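Participant: Starting from the given sequences, assemble the full structure and let the hints guide the process.
Heads up: the protein sequence lines correspond to chains A and B, in order.
Oh and the first sequence: position 153 is 153 in the working numbering, straight run, nothing missing.
Oh and the second sequence: position 309 is 309 in the working numbering, straight run, nothing missing.
Be a bit skeptical, because a hint or two may be false.
Here are some, though not all, of the chain B residues that point toward chain A, as calculated from beta-carbon distances under 7 Å [stated by the list, open to error]: (1) H45; (2) T220; (3) E267; (4) Y271; (5) N295; (6) G297.
Derived lysine-lysine pairs resembling DSS-like cross-links, with alpha carbons at most 25 Å apart [as the list claims (entries may be wrong)]: (7) B/K66 - B/K96; (8) A/K234 - B/K228; (9) B/K179 - B/K238; (10) A/K255 - A/K164; (11) B/K238 - A/K152; (12) A/K257 - B/K228.
What the hints contain is simulated information worked out from the structure, not anything from laboratory work.
Model, not experiment: these values are computed from the prediction.
From the three backbone atoms N, C-alpha and C, an ideal C-beta is built for every residue, glycine too.
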Amino acid sequence: MAHDTPKPLVLSNARVIDPARGLDAPGSVIIADGTILAAGPEAANQGTPYGAELVDCKGAIACPGLIDFCVSVGEPGAEHRETLASASQAAAAGGITTICTMPDTDPVIDDPALVDFVLRRARDTASVNVQPLAALTKGLRGEEMTEIGLLKEAGAVAFTNGHKSVKNAQVMRRMMTYARDFDALVIHHTEDPDLAGGVMNAGLNASWKGLSGVPREAEIIMLERDLRLVAMSKGKYHANLISTSDSADVIRAGKAKGLNITAGISINHLTNNENDIGAYRTFFKMSPPLRDEDDRQAMISAVADGTIDIICSNHDPQDVETKRHPWAEAEDGALGLETMLAAALRLYHSDQVDLVTLLGAMTCRPADRLGLETGRLAKGAPADVTVFDLDKPWVLEKSAIRSRSKNSPFVDARFSGRVLRTVVGGRTVYAYA
Amino acid sequence: MTRFPVLSNVTISPIAMISMTATNTHRDNPFPHRHLLGIEGLHPHEILGLLDRAEEAVEVSRQIHKRKHVLQGRTQINLFFENSTRTQSSFELAGKRLGADVMNMAVSQSSVKKGETLIDTAATLNAMHPDLLVVRHHAAGAVHLLARKVSCSVVNAGDGPHEHPTQALLDALTIRRHKGKIARLTVAICGDIAHSRVARSNIILLNALGARVRVVAPSTLLPSGIAKMGVEVFTSMKEGLAGADIVMMLRLQRERMNGAFVPSVREYYRYYGLDAEKLSFAKEDALVMHPGPMNRGVEIDASIADGAQSLIREQVEMGVAVRMAVLEALAANLPNN
Chain A
1 MAHDTPKPLV LSNARVIDPA RGLDAPGSVI IADGTILAAG PEAANQGTPY
51 GAELVDCKGA IACPGLIDFC VSVGEPGAEH RETLASASQA AAAGGITTIC
101 TMPDTDPVID DPALVDFVLR RARDTASVNV QPLAALTKGL RGEEMTEIGL
151 LKEAGAVAFT NGHKSVKNAQ VMRRMMTYAR DFDALVIHHT EDPDLAGGVM
201 NAGLNASWKG LSGVPREAEI IMLERDLRLV AMSKGKYHAN LISTSDSADV
251 IRAGKAKGLN ITAGISINHL TNNENDIGAY RTFFKMSPPL RDEDDRQAMI
301 SAVADGTIDI ICSNHDPQDV ETKRHPWAEA EDGALGLETM LAAALRLYHS
351 DQVDLVTLLG AMTCRPADRL GLETGRLAKG APADVTVFDL DKPWVLEKSA
401 IRSRSKNSPF VDARFSGRVL RTVVGGRTVY AYA
Chain B
1 MTRFPVLSNV TISPIAMISM TATNTHRDNP FPHRHLLGIE GLHPHEILGL
51 LDRAEEAVEV SRQIHKRKHV LQGRTQINLF FENSTRTQSS FELAGKRLGA
101 DVMNMAVSQS SVKKGETLID TAATLNAMHP DLLVVRHHAA GAVHLLARKV
151 SCSVVNAGDG PHEHPTQALL DALTIRRHKG KIARLTVAIC GDIAHSRVAR
201 SNIILLNALG ARVRVVAPST LLPSGIAKMG VEVFTSMKEG LAGADIVMML
251 RLQRERMNGA FVPSVREYYR YYGLDAEKLS FAKEDALVMH PGPMNRGVEI
301 DASIADGAQS LIREQVEMGV AVRMAVLEAL AANLPNN
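Facilitator: Shown next, in the form of structure tokens:
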């Protein structure tokens with residue numbers, strides 16, 4: 001990446017949406033020195049900085065660059081699946097300007113030197129911002145706490161046990177208690193590993209398929225336990241991937257009690273259900289498992305009413321070595337970076353979630369939770385901007401996938417809404433040809 | 001031959017027990033207790049009386065002939081269920097300087113189980129007619145249990161994470177000799193408060209004598225309800241040490257360093273180890289204390305431990321003096337005296 005200052009950029013004739021201030025109005029975005037100079041109606045007809053590149057958006061939406069709260073990358077350890085470079089290209093094509101990388105790499109990101117490694121590799125190879133999440137327990141084994149203070153100083157933005165729950169409640173309690181002293185956010189995958197047991201959502205569908213089921217209670221029980229521990233430790237907590245209506249109720253009740261909690265969901269669980277698995281298509285195998293349509297509808301309502309704060313891609317590249325297996329033996333995980341925005345727009349097109357709320361869940365709300373400056377079109381904020389056409393139809397072709405792995409559940413899917421331009425720090429990193 | 005009524009099968013609180021077992025309630029007895037099981041339940045004037053007595057013991061210990069005869073003919077047994085070098089030798093020396101016959105009984109933890117066998121041990125010892133029993137045990141309350149089963153005076157030399165009264169007394173003596181008072185001093189106790197008997201005894205004693213007590217530790221090393229234990233609670237050394245007169249460091253046990261309560265030695269040292277920078281937040285004439293044994297590079301930097309503001313060596317000297325004072329005060333209440 002070049003480190004010279006990009007030249008000024010004016011995105012004119014746009015529909016500017018800035019969820020942080022509830023703005024949805026025609027206007028422009030003026031960018032100079034890598035930061036936002038002005039955005040919105042007040043930026044229209046303001047003249048242009050000297051030497052600026054002018055882009056006519058022709059009525060397309062300009063919004064803050066998306067922040068993806070949960071992205072697995074194969075670097076270090078599984079670069080054949082994904083590198084920071086390939087993930088960032090996929091992100092840019094999907095309108096994502098910041099990816100939060102999961103620590104479940106090989107080695108696990110549980111040491112300050114490894115956080116430093118990720119940040120240096122990102123600086124040298126990635127075209128979007130990379131914010132590393134560090135491991136909550138050493139080796140993600142769920143036994144001993146990591147050096148939260150030193151990891152945070154090294155640049156970790158939050159702490160998570162990856163796609164594994166911390167089973168031992170005493171360990172989890174101490175972690176949350178210790179993290180509180182450092183004002184560190186604990187992000188948790190809520191699934192009791194013993195109760196989960198199975199390989200797809202428990203119920204009739206699984207029974208007919210002859211697959212062992214993951215009961216919804218595996219998630220609900222772990223979430224309820226966690227919120228008791230949050231109340232006890234007064235910590236800062238994010239349930240990363242919830243998937244059931246009861247989980248949403250638990251979060252609602254916890255927020256009503258004043259707990260410092262937020263909840264997230266993967267785009268897969270908002271746009272797919274267990275029926276999509278069809279003939280054992282392993283690209284739909286994930287953790288938590290895809291639930292039934294009632295749960296999916298409840299999740300959409302929870303996004304619309306703000307119970308669910310953050311939508312992430314839960315991007316998890318897997319190659320044929322790990323996916324071309326009988327269902328029960330295949331790995332969990334699905335790609336998501338390139339399709340998160342387009343898939344999310346389905347909820348807008350079906351009149352279920354308004355655009356400001358929907359975009360807020362991928363911009364200012366994750367930014368606020370992590371304490372990032374980006375995620376908003378405020379004067380002085382980093383110039384991370386996404387321009388997209390709300391209605392442009394397109395089909396995801398497998399050959400066009402930018403990730404090194406191709407395990408997208410959306411191959412051949414039709415979308416309405418396409419990213420036209422992605423700007424990171426004032427520099428255009430993706431433009432639709 | 002029962003010189004004291006042996007209390008058995010009676011559940012009573014330690015405080016109640018101290019008053020019930022007081023042998024001498026005359027106003028002129030400066031220390032009307034049969035045992036020293038904790039600082040809890042002692043009146044400020046009793047604590048000050050022990051400190052004054054300890055000052056005299058300091059003088060005795062600094063003479064060439066370090067010998068008094070107040071415990072002549074008395075038998076003192078040091079019963080240590082938990083390994084200790086400095087506390088045991090300090091009690092041994094204190095007893096010998098007062099003329100007692102001192103016997104050390106090291107009871108390995110593996111051979112003794114809690115509860116019933118502890119009582120068996122007590123009964124066995126009692127049959128030997130000791131006058132003073134100094135006991136350390138890894139379980140909180142074990143010394144109280146033992147005290148109920150023997151007919152001699154018992155000194156608690158540390159029971160689990162509960163109390164270590166002679167440590168708090170020697171700390172107070174050391175502070176008073178340097179600052180001239182205890183009242184209104186700000187004392188910051190830093191480190192593993194949750195598992196520390198030293199912290200509990202000091203919190204009670206320092207509060208009784210009117211000091212302002214703070215605790216500084218990561219939340220995982222603070223016991224629940226700490227804010228109601230008469231202290232101000234801090235999780236940052238910078239804030240907790242600001243304006244402190246005394247910085248009292250606690251030892252972090254090795255088994256608690258690697259992920260269970262704190263993530264690692266280097267992280268603990270970074271945020272909670274006392275180094276020159278953190279000490280600079282305290283008053284310029286602040287003094288540093290540590291009950292020992294120290295982990296240099298874990299909770300305290302070597303240059304601070306051995307530096308001009310450190311009282312750590314002097315604490316050891318005061319330990320012998322305070323234990324002499326305690327043994328003498330208890331012996332004065334023994335029968336036939």
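Participant: Please flag the earlier hints that this structure goes against, numbers listed from lowest up.
Facilitator: Numbers 1, 5, 6 - these are the hints that the structure violates, sorted from lowest upward.
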